[in-house]
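Asker: Listed below are the residues making up each chain.
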Amino acid sequence: MTGFEYTILIPLIPLAIFLITGLLGMKWKPAVSGILGTAGMGTSFLLSVITAISYFFGGHGEAGFSPIIPANITWLKLTETLHIKMGVLLDPISVMMLVVITTVSFMVHIYSLGYMKGEKGFARFYAFLSLFSFSMLGLVLATNIFQMYIFWELVGVSSFLLIGFYYEKPSAVAASKKAFIVTRFADLGFLIGILILSFITGTFDFDQLTNPQASVFGGAASLGFMGISAMTWAMVLIFIGGAGKSAMFPLHIWLPDAMEGPTPVSALIHAATMVVAGVFLVARMFPVFHFQAPDALEVVAWVGGFTSLFAAVIAITQFDIKRVLAFSTLSQLGYMMLALGVSGYGGEEGLGYMASMFHLFTHAMFKALLFLGAGSIIHAVHSNYMYDMGGLRKYMPITHITFLIACLTIAGVPPLSGFFSKDEILVAAFNHNKILFGIEYLVAGLTAFYMFRLYFNVFWGKDRHYHHTPHESPLTMSIPLMFLAVASVFAGFLPFSELVTSDAKPFETEMHLMIAVPSVLIGLVGIFFAWLLYKKESRVPDAIAAKFGILYKATYNKFYFDEIYLFVTKKIIFNYISRPVAWFDRHIIDGFMVGIGLVTEKTSYLIKGMQSGQLQHYAFAFVAGTLALVLSILYFL
Amino acid sequence: MNILSLFVVVPVLTIVGILFTKDFKGARVVSAIGMSIQLVLAAALILMYLGARKAGVTDEMLWTADYTWFKSLNIHYAIGVDGIAVAMIGLTAIVVFAGIFASWEVEYLSREFFISLILLATGVFGFFISLDLFTMFLFYELAVIPMYLLIGVWGSGPKEASAMKLTLMLMGGSALLMVGLFGLYYNSAPDGGSLTWNILEIAKIKIPVEAQRFFFPFTFIGFGILGALFPFHTWSPDGHASAPTAVSMLHAGVLMKLGGYGCFRVAMFLMPEAANEMAWIFIILTTISVVYGAFGAIWQKDLKFINAYSSVSHCGLVIFALLMMNQTAMDGAILQMISHGLMTALFFALIGMIYGRTHTRNITEMGGLMKVIPFLAVVYMIAGFASLGLPGLSGFVAEMTVFVGSFQHQDTFHRVVTIIAASSIVITAVYILRVVGMILLGPVKDPHHLELTDAKWFERLSTITLVLSVAAIGIAPLWLSDMIQASLEPIVAKLTVFNPF
Amino acid sequence: MNVVMFYLLSAIILIFSLLSITTRKILRAAVYLLFVLVATSGFYFLLNYEFMAAVQLTLYAGGIVVLIIFSILLTSHISHKFKHPALLNLLMGAGVAVIGAGVALYIIFNEKFTANGQPELPVDMTAIGTQLLSTEKNGYVLPFELISVLLLAAIIAAIVIAKKGKQEEKES
Amino acid sequence: MIQGIPIYHFLVVSTLMFFIGVCGFIIRRNLITMLMAVELILNSVNINFVVFNRYLYPDQLQGHFFSLFIVGIAAAEAAVAIALIINIYRRINNIEVENVNEMKF
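Protein chains in written order, with this note's numbering: chain A, 53 to 689; chain B, 4 to 504; chain C, 233 to 404; chain D, 35 to 139.
Errors might be hidden in some of the hints.
Some but not every residue of chain D turned toward chain A, in silico, with C-beta under 8 Å [as the list claims (entries may be wrong)]:
#1 59
#2 82
#3 111
Stretch by stretch, here's where chain D covers chain A in the computed footprint (C-beta under 8 Å, at least three residues) [unchecked claim]:
#4 354 to 361
#5 659 to 666
For the record, the hints were derived by calculation from the structure and aren't laboratory data. Small disclaimer: the values here were computed from a predicted structure and weren't measured. We put the beta carbon where it would ideally sit given N, CA and C, even for glycine.
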């Protein structure tokens, strides 16, 4: 008995609600589904908070927070040693993720009561939300890597379903398809990684894999492929899985398109929870990365660093507010990956790990807030584009203030939570690699700039001609905004370094003024430039854009990555592989089979001439045949 | 009477019952009753089997019985089942049950239709319970031949040509198979003594290796043709495209499994040395099958063609996994057979139902069906998800078992082909989502489609049965997997003795 | 004397056989056939099978040839001359016949025929009659009956086949 | 057994007659002449039977009886054949064998 058995309920409640609403939701009034879903999620939220409190503040031993497995049942036995189990694993990061997921999910449930009101398929929406929550919770609670993979796939599907919620809109359908296939492709990497890992270690269980004194890697050293050790391959492949879900470059293309889904979905899945699954995966496997495959960790760091810069640059040029936020998410995820990549193991060395988790936490809060705020704006204006907005601060005070808080948080203005987490990431990067630090430092400035570009464009500037006067959103929508704003402000004061660390042992952190001060400064510089350019309607941004010409255009078109992918899939896979395969099958292989038939038919047509009806020919054949027989007998006997 | 014989007797009685009915209503009711009894029997059999195993019965085959019916060739009616056969019987019962309801509205010569259908089912059940190679072959032929009539008479499109092609190719397979089986028979007593057709007895002796080398390809390809082994799969698209709904269901769902089942139960189990020697050839062929089928499916426009190619890919995986010759992979292969059987039957049932409404199977002519016929569309999506391996549905369990099992192989070649085969899950996702996106989602393309009606009760019954089965295996696979693994032990033991790795 | 007779008969048989298949007038062919059959009966006389010879004369030479001649009269013009046989047929027939004869003769001359050395059975009518209707050893009642039934069947069949159908009767 | 005449001579005659019959069967176009060729063949066989009987098994009458039956069968065959030929003649007004090819293919 560990006292944590009730945690099983945390994922099971959403599952039950998914099944009930999914099967019966059509028959009820829509509101019933909504309220049921929200209530269920609320329960999960409460349970998670209780779990977190009792786990983190229930004391811990010398060795730090030890993992607790309250439940673990065998789901499928593959070989003698490889069993897929379904269970609940509580350790610092999973408990933290529980809180993140249930909080954001609960907020989104409440928010959607207002946002989705009157939509067709309201019940369906709640069913899918519950399905997603279930899968995501299952993912973070996974006791073994295969369970994680299972829920990983489920998360992908729920994301697919939710992005394609407006299934009558072709663009939404295309986006959902894209999201699923791109992540599926990454999952293939994950799967192969798991296969290699399980082949080497003979186990799926995290408690064996992530044990620093792990003995399961005994045979790993001798194995390799193309000059790279098998473990590095495995971990890089697993990272590809994570990169797919977390939309790391170059698998990032699905995330901006995923904004076709309803905004609460974007907030929940594509900002706060699902996209951090990749980060969570790397964090979960961190000891393996660190001890067995440091090269793979280096890959993680650079991919993260590059993605953060790349996405930040694109975010500057976008006009669709959800896309700006999407690229901002990409950039922030890059931050987290980078932090993991530069981290060491244990104590101060593990600062990056801690910082990554910390940033994950704070980012979930403020990015969900940003998205929900954006949803509120879109709800009011009925447009996604900045140039349709302006001067909204007068009409939507609550949205305005919460959005401002979120922007300040992401820009890293102290003492808001974003400041703390970002600061620690920068410290970790500085200690590890100066180039990566430089990139991140630049990105911090860019982040502040594009967020405030957005902010000023939407809430300041001059009024547009709205179809009807924008109004503040209903209470169901503004309460989550306020809650998340509060969380964003105060989350920074959580003593993360004492709770979530790489080796589960607490350590002390301190402010590094050498880093903190410049980073705040560059944030402020970014905000200043944004103020300069966008506070008032002006021609300057356009002029600057014109000056950069091609560069601007490339950035605006996201460096044509969509086009490249489209080229690869449409042209190469469809036209140059699939079509010839189909043709080959129909004409060559099937042609061969049909050919056998035809040859038989033609031959029979030929030799049927022998059946001429001419009696004498038959007689001749008969006699000649007899003679041949006789002769052969004579010859052979 | 032996419970296994009931599986042959009940369909035969049903056929007799149908002969006494007057119109199509009577025929379908009788068929439904007969096949419901069969389903209940199958469920009872599974429970009894699990019970017997739990009680500690360790015989390789349960409920064996043996009657000689053709003395001079020593042919017996020898029956008995292990966990694998039980699972396959369960699969067959479910698919046939669903098939009857999916063809509830066949009015043209419906008595003859149901008789042929049930005759086919009889053959399949008989095949799975047989332990005597000749009797097995007999049932196999019994299952293949009604197919010709079913496609030729009740099919659509170029049905005569397709039926001819399908039957001829399968008969070609039978011919090869017969050579192989006779080879087995005449080598079944290398040290003198009486020849036998009995699988278990042949398994006890060692067939001379030269004979194995000669007869293994015959037997394996013979069964492989039915299991859509590349490059002998081309009957599948045409045959499926022309076949009526229930026949496609049974054919892809069950009949193709006879091929896979025969491959390991007869070819590999009885000729292990040759199997080990030649496995690499067939592994390459099936790897091609898996990837190639998936790519082939992307380009198709006809729903049934897509599914036929997808079957090629999935059934390729079955034989692929069988050839890996370790317990996990073979377990995966059988799970994949069951899973594919259920979900492809579901697919074909749905395609039939959609075709019955829209009168087209061309995916470019449909769109937005989710709005019009939500029930069918949702079930179609579930089937699609099962096909692309979504956890919680059977496809995932099967595929993962296959991949993990195959990857445990010590040989690099096997691991590399596993990775290649695994890449098919992405391609599968592409074509499934393409279809789902085109026909179910998006705006309604054809205004006539707005007036379509959703599933009727029998269609719901048919599809829900299959969905529940798919989900049941997907959510709780352990009992099935255990049952299969236990039964695989003697087979794997025999195979691995000769395994060079 | 016998020897001379034999060679004479042989010569008749072979010459008229050849003529019978080469002549271009059908009635002549029938007549040549008659000569062949008669000469064959001469063989039987030579071999001391008088009954057999008599049967040959009456049944074959008498019955069948008459039948053939009737049918010729029914179906052909007497003065009609045949076309030459088709070249292909000629080649096929001649080739097969020559090769076949060669093979057969080769075999015959390579075979040592040895008599079983038993004393000769006197062939008189009594012996033939008894054996034909006996069921004992060397009795042929069964084939005899068979032949009689066959003949009956053949007669009926011939009538049925040659009879004009009702339809045709009305027409003609 | 006839003094001075070896069995081979008989056999040569019958063989040649047989193959003349075969040749005639193949080269003649008229059905009736073909029938005659058949008679020649039967006859040659008869000779063989009788000769073998006389030369090799003089104590038995098997060959003799066999030829007897063959004569009977030949009669029956001739009757049926001629009935057929007449019937054919009625239908197609000639009895050229090339024209009797309804049964081809």
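Asker: State for each hint whether it applies.
Answerer: Now for the hints, and whether the structure bears them out:
1. Interface hint status for residue 59 of chain D: upheld, as the beta-carbon distance to the closest one in chain A is roughly 5 Å, under 8 Å.
2. Residue-level restraint check for residue 82 of chain D is violated (minimum Cβ-Cβ distance to chain A is 16 Å; threshold 8 Å).
3. The interface hint given for residue 111 of chain D is broken, as the beta carbon of that residue sits about 15 Å from the closest beta carbon of chain A, more than 8 Å.
4. With 0 residues having a Cβ less than 8 Å from any Cβ of chain D, the stretch 354 to 361 of chain A misses the three-residue criterion, and the hint is violated.
5. Using a Cβ-Cβ cut-off of 8 Å, 5 residues of the stretch 659 to 666 of chain A lie near chain D, which meets the minimum of three, so the contact claim holds.
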